[in-house]
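Peer 1: Here is how the chains run, residue by residue.
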Amino acid sequence: MKSLTVPLSGTSQRRVLRAALTAVSLSVVVALAGCASATQSTSTGAAGFTKAAQDSKATITVWADSTRLPAVQAYQKSHPNAKLNIVTYDGSADGSTYLQTKIQLFDRTGKGWPDVVFASPTDVTWASNPTTPSAQAFAAPVDQLVSSSTIGNFAKGSLTPCEYNGHTYCLRNDIAQVVTWYNKTLFDQFGYTVPTTWEQYQALGAQVAKDHSGYVLGWVGDSNSHESYFWSSQCPAFNLVKPDTLRVALSAPECTRMATLLDSMIANKSISTQASNNADFIKNVAPKVLMAVGPSWYGQYIFNGGFKTPAGQIAAANPMTWSGESSGATGNVGGGVWMISSHSKNLAAATAITEWLTTSDANQGSAPTYPAYTPAAKVWLANPTNSQYFASDVSEAFTTAANEVWTGWSNTKFSDATAWSSVVLPALTAGKTLTETLPAWQAAIVDEAKAVGYTVTTK
Amino acid sequence: MTALNGGGRLTAPAAPSPARRRTPRRRAGLAGYLFVAGYAILLLAFGIFPTVYAIYLALTNDRGQFTGLNQFVKVVQDYRFGPAFTNILIYLVMWLVILVVLTVVVAVILRSRMKPGLSSIFRFLFYIPGALAGVASVLVWLFMLDPGVSPASGLVNALGFGTFSQVIAPQNLPVIFVLIAFWTGAGGWIVVMYGALNNIPDEILEAARMDGAGPWKSAWFIQIPMISKWIAYMTILAFAAGTQLFVEPQLLQSASLGRLNPTWSPNQLAYVLAFQFGDFNGAAAVSIFLLVIGLVGAGILVTRSGLFKADTE
Numbered sequence: 000m001k002s003l004t005v006p007l008s009g010t011s012q013r014r015v016l017r018a019a020l021t022a023v024s025l026s027v028v029v030a031l032a033g034c035a036s037a038t039q040s041t042s043t044g045a046a047g048f049t050k051a052a053q054d055s056k057a058t059i060t061v062w063a064d065s066t067r068l069p070a071v072q073a074y075q076k077s078h079p080n081a082k083l084n085i086v087t088y089d090g091s092a093d094g095s096t097y098l099q100t101k102i103q104l105f106d107r108t109g110k111g112w113p114d115v116v117f118a119s120p121t122d123v124t125w126a127s128n129p130t131t132p133s134a135q136a137f138a139a140p141v142d143q144l145v146s147s148s149t150i151g152n153f154a155k156g157s158l159t160p161c162e163y164n165g166h167t168y169c170l171r172n173d174i175a176q177v178v179t180w181y182n183k184t185l186f187d188q189f190g191y192t193v194p195t196t197w198e199q200y201q202a203l204g205a206q207v208a209k210d211h212s213g214y215v216l217g218w219v220g221d222s223n224s225h226e227s228y229f230w231s232s233q234c235p236a237f238n239l240v241k242p243d244t245l246r247v248a249l250s251a252p253e254c255t256r257m258a259t260l261l262d263s264m265i266a267n268k269s270i271s272t273q274a275s276n277n278a279d280f281i282k283n284v285a286p287k288v289l290m291a292v293g294p295s296w297y298g299q300y301i302f303n304g305g306f307k308t309p310a311g312q313i314a315a316a317n318p319m320t321w322s323g324e325s326s327g328a329t330g331n332v333g334g335g336v337w338m339i340s341s342h343s344k345n346l347a348a349a350t351a352i353t354e355w356l357t358t359s360d361a362n363q364g365s366a367p368t369y370p371a372y373t374p375a376a377k378v379w380l381a382n383p384t385n386s387q388y389f390a391s392d393v394s395e396a397f398t399t400a401a402n403e404v405w406t407g408w409s410n411t412k413f414s415d416a417t418a419w420s421s422v423v424l425p426a427l428t429a430g431k432t433l434t435e436t437l438p439a440w441q442a443a444i445v446d447e448a449k450a451v452g453y454t455v456t457t458k
Numbered sequence: 000m001t002a003l004n005g006g007g008r009l010t011a012p013a014a015p016s017p018a019r020r021r022t023p024r025r026r027a028g029l030a031g032y033l034f035v036a037g038y039a040i041l042l043l044a045f046g047i048f049p050t051v052y053a054i055y056l057a058l059t060n061d062r063g064q065f066t067g068l069n070q071f072v073k074v075v076q077d078y079r080f081g082p083a084f085t086n087i088l089i090y091l092v093m094w095l096v097i098l099v100v101l102t103v104v105v106a107v108i109l110r111s112r113m114k115p116g117l118s119s120i121f122r123f124l125f126y127i128p129g130a131l132a133g134v135a136s137v138l139v140w141l142f143m144l145d146p147g148v149s150p151a152s153g154l155v156n157a158l159g160f161g162t163f164s165q166v167i168a169p170q171n172l173p174v175i176f177v178l179i180a181f182w183t184g185a186g187g188w189i190v191v192m193y194g195a196l197n198n199i200p201d202e203i204l205e206a207a208r209m210d211g212a213g214p215w216k217s218a219w220f221i222q223i224p225m226i227s228k229w230i231a232y233m234t235i236l237a238f239a240a241g242t243q244l245f246v247e248p249q250l251l252q253s254a255s256l257g258r259l260n261p262t263w264s265p266n267q268l269a270y271v272l273a274f275q276f277g278d279f280n281g282a283a284a285v286s287i288f289l290l291v292i293g294l295v296g297a298g299i300l301v302t303r304s305g306l307f308k309a310d311t312e
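Protein sequence lines, in the order shown, are assigned to chains B and E. Counting in numbering that gives the first Met the number 0, the first sequence runs from 0 upward without gaps. Counting in numbering that gives the first Met the number 0, the second sequence runs from 0 upward without gaps.
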């Protein structure tokens with residue numbers, strides 16, 4: 000620094016500069032020679048976990064989304080002695096990474112973790128692993144906290160997203176099996192029969208386009224529409240063949256058949272490309288929704304809450320099949336989980352509220368979504384508030400679909416919604432077909448998968 | 000920020016003080032240091048220290064080992080790096096050109112072609128949106144751009160957009176962000192430019208008029224050259240702020256339920272790397288790229304415009 004203030008002649012100035020540059024570049028070369036790799040450490044889930052010092056009087060912090068907030072408040076009401084600090088957050092819906100962001104920070108600062116969280120199944124993939132080499136996996140293995148008979152009572156396959164390395168890291172709150180929704184009043188009025196196969200669905204689309212233009216049989220503009228349609232079609236878009244190997248094969252016939260079918264129905268406008276929460280859609284299209292392929296929560300959330308369709312019109316049928324296929328398969332759209340923090344100072348209280356939230360008839364019997372805990376699901380279906388909105392009994396469709404959820408659509412370390420929302424939906428809006436967008440969708444999924452460390456196969 | 004750092008560095012050589020009049024000088028110096036201290040401490044804590052820490056992070060991995068430039072190589076090879084920096088480049092070019100041209104033109108018109116009363120009303124109106132906090136202004140635009148709820152839905156429809164998802168198509172995003180940035184930021188700059196034009200002595204403009212220069216000629220040959228340092232100053236700050244684009248795409252991303260690429264801008268990429276992938280080192284490398292781009296941009300503008308020449312004159 001000081002040498003620069005000393006007056007120098009032109010040539011010696013240049014000499015000093017040259018010497019300085021040489022020194023700097025030499026030191027860079029020397030430094031680079033001994034460089035370590037820039038790749039992040041890979042950490043594997045620890046089987047057990049080190050409990051924090053337990054304090055049975057410690058207040059526990061519960062994070063829930065606004066939909067599950069009343070359930071947590073109800074627990075507080077029925078258990079006045081429980082010390083709860085209730086926090087509302089986005090619940091990791093629609094590919095939000097808020098929870099992951101926060102846990103990353105808590106792991107770095109070493110404090111602040113919530114004791115119990117409501118989250119999406121995707122969150123379990125990172126929560127069951129340490130986020131840094133020195134951290135402990137956020138999610139506690141619930142199989143070490145909850146009795147095995149309780150775990151055994153969850154609906155078949157509903158705890159699969161919770162499982163990692165032989166342990167269960169979450170309890171499923173609800174399942175969101177995809178069923179066939181239809182407006183019984185309009186179907187009776189128009190004299191249509193409810194399709195049971197996808198081919199009949201497509202044919203009905205052509206007929207509706209001709210005879211009742213403006214009416215729709217569904218929409219694909221939501222951030223989760225691919226789960227309703229492509230998951231139901233058994234498209235191997237997010238297929239974990241090994242824990243570290245993801246199969247992304249959008250050229251498989253199971254994907255192209257759905258893309259072709261939807262393209263023909265988008266072309267004749269019997270399927271809308273708008274999002275169901277769009278103000279324009281709710282105003283203009285919602286009253287003309289004849290059918291929808293969507294999860295069990297569509298009834299209360301979309302038709303009753305969003306579209307304000309009057310009670311007594313909407314009914315649910317079994318998932319549609321492809322002609323020639325004997326066994327049915329359907330998709331799943333969401334369905335939350337509850338996780339317990341491995342850092343909790345009061346695991347007993349955290350476990351108690353988690354069990355109450357996921358398995359008790361008191362909570363799940365009147366929950367806003369279909370319970371994953373089978374005994375509670377029976378109570379839920381028998382609860383008149385869950386049935387009186389519909390035109391007919393939805394129990395059969397719901398229970399059938401709950402057992403048909405295709406298991407080839409895996410729970411991955413990245414959200415399956417990002418590529419669909421940011422690549423496919425804008426392309427559809429721009430007038431491209433699904434069939435011609437499949438390669439771009441595939442490329443986006445592959446990029447995301449590789450970025451989180453999966454080996455990808457596309458065959 | 001970056002511009003100010005550059006300024007500090009360039010003015011440093013003027014520091015050596017002669018030995019005479021020692022006592023009064025030192026007193027003045029002490030008071031000066033005291034006044035500067037508040038800013039200097041904050042600058043160290045929230046400007047210099049984080050920068051140094053980011054450089055440290057960018058040169059190491061999450062095990063604390065020295066990695067040389069490997070983090071930079073890694074993020075450049077990331078599939079999201081190219082698109083994010085391309086997006087920000089397109090946005091910056093549009094934003095800076097529009098900002099410079101429109102604020103200067105509007106300021107000149109307000110100064111020379113309008114009655115003072117009307118001019119002050121307009122300056123006030125232009126400034127109002129800038130008083131709205133960043134997040135709120137983005138929310139306002141979310142409503143403005145959604146044909147379903149927009150008070151200007153007729154206009155949005157007339158431009159060929161039937162739905163919100165058509166409005167936020169990827170190719171429209173730079174325009175939307177420029178609109179938001181201009182609406183919130185330009186008003187303040189129009190006021191600043193107007194003030195700069197006010198500093199031009201009336202005699203100069205009168206002389207130009209007597210020499211036969213019309214309003215446009217005196218604007219082009221007298222007024223704009225005389226406020227060129229202010230224009231450079233505005234460009235540096237707008238450039239630095241523009242490369243940091245984060246709130247607008249991030250909010251639009253969540254408001255549209257993910258119809259935007261979550262790593263649209265480099266800052267979003269750094270955010271995703273740090274908080275979603277736990278890769279704070281890679282995120283630091285992205286931020287160092289932004290720092291270097293900002294410094295180089297500011298350096299070019301400072302040297303070309305002679306922004307700090309007044310110090311030595």
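There could be a bad hint or two in this list.
[Said to hold, decoys possible] Cut-off 20 Å, straight-line C-alpha distance, at most; resulting in silico cross-link-like pairs (EDC-like, lysine to aspartate or glutamate): (1) K412(B) x E202(E); (2) K449(B) x E205(E); (3) K110(B) x D54(B); (4) K287(B) x D360(B); (5) K307(B) x E324(B); (6) K101(B) x D61(E).
[Said to hold, decoys possible] Stretch-level coverage of chain B by chain E, calculated; a stretch enters the list once three of its residues show a Cβ under 8 Å from a Cβ in chain E: (7) 318-328; (8) 408-421; (9) 424-435.
Derived by calculation from the structure, the hints in this document are not laboratory data. Positions of the beta carbon are idealized from the N, C-alpha and C atoms, including for glycine.
Peer 1: Between the alpha carbons of K412(B) and E202(E), is the straight-line distance 20 Å or under?
Peer 2: The hint is violated at about 70 Å.
Peer 1: K307(B) and E324(B): Cα distance at most 20 Å?
Peer 2: Answer violated: K307(B) to E324(B) is near 36 Å, above 20 Å.
Peer 1: Taking 8 Å as the C-beta cutoff, is the stated coverage of the stretch 424-435 of chain B by chain E satisfied by three or more residues?
Peer 2: With 4 residues close enough to chain E, the hint holds.
Peer 1: Holds or violated: K101(B) with D61(E), Cα cutoff 20 Å?
Peer 2: 18 Å, holds
Peer 1: Within 20 Å, alpha carbon to alpha carbon, are K287(B) and D360(B)?
Peer 2: Given that 20 Å is the threshold and the Cα spacing comes to 36 Å, the pair is violated.
Peer 1: Is K110(B) close enough to D54(B), meaning Cα to Cα at most 20 Å?
Peer 2: Cα-Cα ~16 Å, so holds.
Peer 1: Going straight from one Cα to the other, do K449(B) and E205(E) come out at no more than 20 Å?
Peer 2: 68 Å, violated
Peer 1: Do three or more residues from the stretch 408-421 of chain B put their C-beta atoms closer than 8 Å to C-beta atoms of chain E?
Peer 2: Since 4 is at least three, the answer is holds.
Peer 1: Using a Cβ cutoff of 8 Å, are there at least 3 residues of the stretch 318-328 of chain B near chain E, or does the coverage claim fail?
Peer 2: violated (count 0)
Hints 1, 2, 4, 5, 7 from the list above are not met by this structure, while the remaining hints are.
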